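*Asks:* What follows is each chain in one-letter form.
Protein chains: 2
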Amino acid sequence: MNMGYNTNPTTMSGRIASDVELDSRMEANELPYVHKVGKPPKQDLLKEIKTALKETFLSDDPLKPFKDQPKKKKFVLGLQTLFPILSWGRDYSLSKFKGDFIAGCTIASLCIPQDIGYAKLANLDPQHGLYSSFVPPLVYAFMGSSRDIAIGPVAVVSLLLGTMLRDEVDPVKHKYEYLRLAYTATFFAGVTQAALGFFRLGFLIDFLSHAAIVGFMGGAAVTIALQQLKGLFGIKNFTRKTDVVSVMRSVVNSAHHGWNWQTLLIGVSFLIFLIVAKFIGKKNKRLFWVPAIAPLISVIVSTFFVFLTHAERHGVQIVRHIEKGINPSSAHEIYFQGPYLAKGFKIGVVAGLIALTEAVAIGRTFAGMKDYQLDGNKEMVALGSMNIIGSLTSCYVATGSFSRSAVNYMAGCQTAVSNIVMSMIVLLTLFLITPLFKYTPNAILASIIISAVLGLIDYDAVVLLWKIDKFDFVACMGAFFGVVFCSVEIGLLIAVGISFAKILLQVTRPRTALLGKIPRTTVYRNVEQYPGATRVPGVLIIRVDSAIYFSNSNYIKERILRWLTDEEETFKDHPRVEYLIVDMSPVTDIDTSGIHALEELHTSLKKREVQLILTNPGQIVLDKLHASKFADHIGEDKIFLTVNDAVLTFAPKMEQA
Amino acid sequence: MNMGYNTNPTTMSGRIASDVELDSRMEANELPYVHKVGKPPKQDLLKEIKTALKETFLSDDPLKPFKDQPKKKKFVLGLQTLFPILSWGRDYSLSKFKGDFIAGCTIASLCIPQDIGYAKLANLDPQHGLYSSFVPPLVYAFMGSSRDIAIGPVAVVSLLLGTMLRDEVDPVKHKYEYLRLAYTATFFAGVTQAALGFFRLGFLIDFLSHAAIVGFMGGAAVTIALQQLKGLFGIKNFTRKTDVVSVMRSVVNSAHHGWNWQTLLIGVSFLIFLIVAKFIGKKNKRLFWVPAIAPLISVIVSTFFVFLTHAERHGVQIVRHIEKGINPSSAHEIYFQGPYLAKGFKIGVVAGLIALTEAVAIGRTFAGMKDYQLDGNKEMVALGSMNIIGSLTSCYVATGSFSRSAVNYMAGCQTAVSNIVMSMIVLLTLFLITPLFKYTPNAILASIIISAVLGLIDYDAVVLLWKIDKFDFVACMGAFFGVVFCSVEIGLLIAVGISFAKILLQVTRPRTALLGKIPRTTVYRNVEQYPGATRVPGVLIIRVDSAIYFSNSNYIKERILRWLTDEEETFKDHPRVEYLIVDMSPVTDIDTSGIHALEELHTSLKKREVQLILTNPGQIVLDKLHASKFADHIGEDKIFLTVNDAVLTFAPKMEQA
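If you're matching them up, the sequences are chains A and B in order. The opening residue of the first sequence carries number 1 in UniProt numbering; numbering runs sequentially from there. The opening residue of the second sequence carries number 1 in UniProt numbering; numbering runs sequentially from there.
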């Protein structure tokens, strides 16, 4: 590729005569030289397709390091690509381990109580939460490339999985089928994630906009918090629906007989403790460990308290039983046939995508903060593999947790070894101390979950959305209210729908702008943005602010004609518009419908005796104007490099008229 | 609004000192003056929303004539809007009627045999085709605003309706239910069309791209022609599937016993006659009436021939029975409840949209040729009303026919009165001569349909698609092969899917370009397009060719960083890149994700000690850069009006370095 450093003067001939002729008419600071646009260098079709495919699927050039390497080196590099631990592990040092050890212990103390609570959200036994904090983090440590992410079960995915699975199987009546379906969903969540990464389709998750995610997460947080009212109030007959109306009705209806004041007392007092701890951590960043260990302290204190007072005999619900020992195999329990296969697949795809979105967002955030590169597609393969292996070892869908990753980062983690440390502590917990959780009151778990999910509600982001982009704000609110008032799935659908609608609206109704000349320069800009810009009499300059595609070609044509009509009606005393200049600088592409629209515009303008002039079409657009013969049709001398060139060429003629 | 005619010098202050300072360094033809970008005038939120809504739904300003009119006048205008015949009818003259009469007779002679054949395509009795050429054109003549469209049943919609209805009800075993479902579908097709127009959602049909329509129409034409092999070969056991493989298998399997040579002889000889007539009409435009009356002549001659020779006794299938008399009412036969309601609704929506697409395309084409304005949404209300009334009077979905509209135009039609003339001739036919069609051989109808649909295959358009836009070509071929090898619905789905994928791909993987200075000018353009453009040492100038949205923000950020890395690797001996200029001229909008991406880009560049400079952000983008404080963050002096200004400001510093 010619990178353009050498000054090649081939395209600078012609137009000299008219330049001289025009010269005298120009203001002193205007340039009489008009550069020819001409035909751009021909693009090779195959090369073009190759470039398009490369930009779409391999935009980060993942094969670059493999180029021109001997076979053996390629194999080693391949292994290192699949298991990044092989490359960063060689530089691992004791000082790094110190950071990782502290961080690992901190996130372990945070995750153990959360895991038990999140498993309940997914309608699973508490040990499954712990299982999912043992195997998946281990696998991720070997395959993942983020240094800060903390792997394990998370609230939103647990809720999503719980509600979607319960729609298919009753978790109480058909406990075993429910569990098998959960494994199946986890398996396919992993397959989906790994497949997206392997086929380099990672960009698909970008279609869920940031705004929609903020709304969805906030809505899910509210929903999860509401669900915890069951545990917090000790209510026995609680609705199965997740919308705010049903839940509040459940809470109010059970007011006279269903509330248990002992439960409420324990729950609320520890909730206050947790929130105060959180507040302290927020005020003083160095005390980040206070909110990190507060949940474990709550669990220990409350468990001890219940054990001493035998509060469980007064209606305080407790965990009661939690399986001891390491993850059992669950390979034979996944449905690979029968009607549950399709259901598991569907749920797995949805849960997998949501889990992926969360993990990738976390990975990118922290990679940006520490300034290291993260290959999104490779991350997906790692996350997918981790969930596939998880589904074979009694885990449910694990992903990166926002809150725990932040703690991990603040506690000074250096590499994914912090996940290994956490995983080992969870292993010890499973072996040694699970029986101690017997007397842990459910109300504590509810308080811990509530205080955890409150962090998912991002007020500041919502305020920023409102300030910057109203449409984003609507998307955010749509997703939020969809989740809160209908269900998690509806909220998700709304989020995706609004995200797509935004893209489609932009390409259907693009903006057009009237241009004027900025005084003392040769540039033409939107007169609305630069009120100082002056118009050229007899010339109407319109800029089209979008690629011209089938979805907007007709609109653009009609909009340009409307500019012309408005102009003629508003300024009847001014000289008649003789030239319509369409500035195509922002027109990045045009398709056959767009060419048709231009042809129709040309015909309409001819009938009105207005000349059509195009300025600054890009390479692709110019190629297509030539391929369709439209350039010949309007005349190649009607295509200019800049608006100024076009005005310089035609304005003098105006003066004579 | 300030239209910018008055030269307002308020924004021209500042920077004078630095201008002078820079002056000496400039080449003679460069401008030392750097215009400030500043904050754009604040937009009112309500006004902004109002403008967005207006451009989306009322872009053609339909209420303009009603403004500032007395009430009575408003009522008259309203009536005239709903029934355009009230306005153009007042200028109607005998000379116009002459043109309309001839055109009406010509299209009537063309439509009568076609109607009978198309009704068979929809698995309906032949008279329903004629019914649909009587009532709908009458209604359209009063409500429609196209002067050239010829209304009636068309091949593609008949096929679509026939296959979709047959999937629900068997047209032979449950003939009455089938007919009722057809009326139901027609009713909802009309409701869909009218509703789209009424709610001004007409732009939705623009989402089916021209390329996809060409492919879909071509595929439908091939499918319809293949279906006619049944009639042409006189085959009795014919497949119900529409794909080419099943049809050809049917034809080949029936070769030894199923073909009827008398039928084949009649069919093929008249097909040759029709194709020759078509060829003559194409060669000499003044003989357009030859192909127009050829079908009727074929019908008359072949009917007379069969009547004389009693060929029907030798296995030549004939029409046999065709109901005499005017359309009976069918209001009580539409399903307004029961399971068929939903099915009829679904089929109606699809058929209505396809019919609409065809009619609007025809209307626009001829309006463009005669240069009159057509309100797409009003047209939809007219077409919808016509189908609703049609469904109450035993008609099935009618729309504008491409071939008959062309004949109408060439025969010199002046207004929609030609549709009234045609309608009256069909009325006479229904009253008087339907019994004469008894001996018309089916093979003739097959020949007529084949010769009619051949015109739907638009080779030239396909060649043009290939030349102009490869992606459009793929969409076209996808739709074509989808229809031919699978089914009409699959083809339609592929067409819509590819159309959307194109839009999404564009906003996911936008182009970025490296800019260089065009010699002897102050403009910067893509160095690939203008190989003569020269680069500025130490400055990397990248143009982003798309709005920056959530779907591409991450890609754009990474792509810009990749440009920088490539640059640094390729030109190691050149001065280090100190300034990265991002030209935002084509960036028409940015959302919160886009702002985040810019912030991340800024952070990354800071770490690499490269300064980020933005040039020419549009009004909306600039507003959001200010709202998000990003403008303050990078410094307002880092935002320039043009790339040249930015280079002029920073390049001298480079020289000192």
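None of these hints come from the bench; they were simulated from the model. Hints are not guaranteed to be accurate.
One copy or any two copies: either way a pair holds, since identical chains are not told apart in the list.
[What the hints assert, rightly or not] Derived lysine-lysine pairs resembling DSBU-like cross-links, with alpha carbons at most 30 Å apart:
{"#": "1", "residue 1": "Lys278", "residue 2": "Lys467"}
{"#": "2", "residue 1": "Lys72", "residue 2": "Lys236"}
{"#": "3", "residue 1": "Lys98", "residue 2": "Lys47"}
{"#": "4", "residue 1": "Lys74", "residue 2": "Lys175"}
{"#": "5", "residue 1": "Lys467", "residue 2": "Lys607"}
{"#": "6", "residue 1": "Lys606", "residue 2": "Lys73"}
{"#": "7", "residue 1": "Lys572", "residue 2": "Lys71"}
{"#": "8", "residue 1": "Lys638", "residue 2": "Lys39"}
{"#": "9", "residue 1": "Lys47", "residue 2": "Lys241"}
Only a predicted model underlies this, so the values are computations on that prediction, with no experimental measurement involved.
*Asks:* Taking the hints in turn, state whether each one holds.
*Replies:* Hints and how they fare:
Within a single copy, lysine 278 and lysine 467 get their C-alpha atoms as close as 28 Å, which meets the 30 Å cut-off; across copies the closest is 63 Å, which misses it. Proximity of lysine 72 to lysine 236 under the C-alpha cut-off of 30 Å is found in neither arrangement, the shortest distances being 64 Å within a copy and 68 Å between copies. Taking the shortest Cα distances, lysine 98 and lysine 47 never come within 30 Å of each other, neither inside one copy (51 Å) nor across copies (59 Å). With identical chains, the CA atoms of lysine 74 and lysine 175 are never at most 30 Å apart, being 48 Å at best within one copy and 69 Å at best between copies.
Taking the shortest alpha-carbon separations for lysine 467 and lysine 607, only the inter-copy value of 29 Å comes in at or below 30 Å, while the best intra-copy value is 46 Å. Proximity of lysine 606 to lysine 73 under the C-alpha cut-off of 30 Å is found in neither arrangement, the shortest distances being 66 Å within a copy and 34 Å between copies. Taking CA atoms no more than 30 Å apart as the test, lysine 572 paired with lysine 71 passes between copies only; the shortest distance there is 28 Å, against 76 Å inside one copy. Taking the shortest Cα distances, lysine 638 and lysine 39 sit within 30 Å of each other inside one copy (13 Å), while across copies they are farther apart (34 Å).
For the identical chains of this complex, lysine 47 and lysine 241 are neighbours neither inside a copy (55 Å) nor across copies (41 Å), given an alpha-carbon limit of 30 Å.
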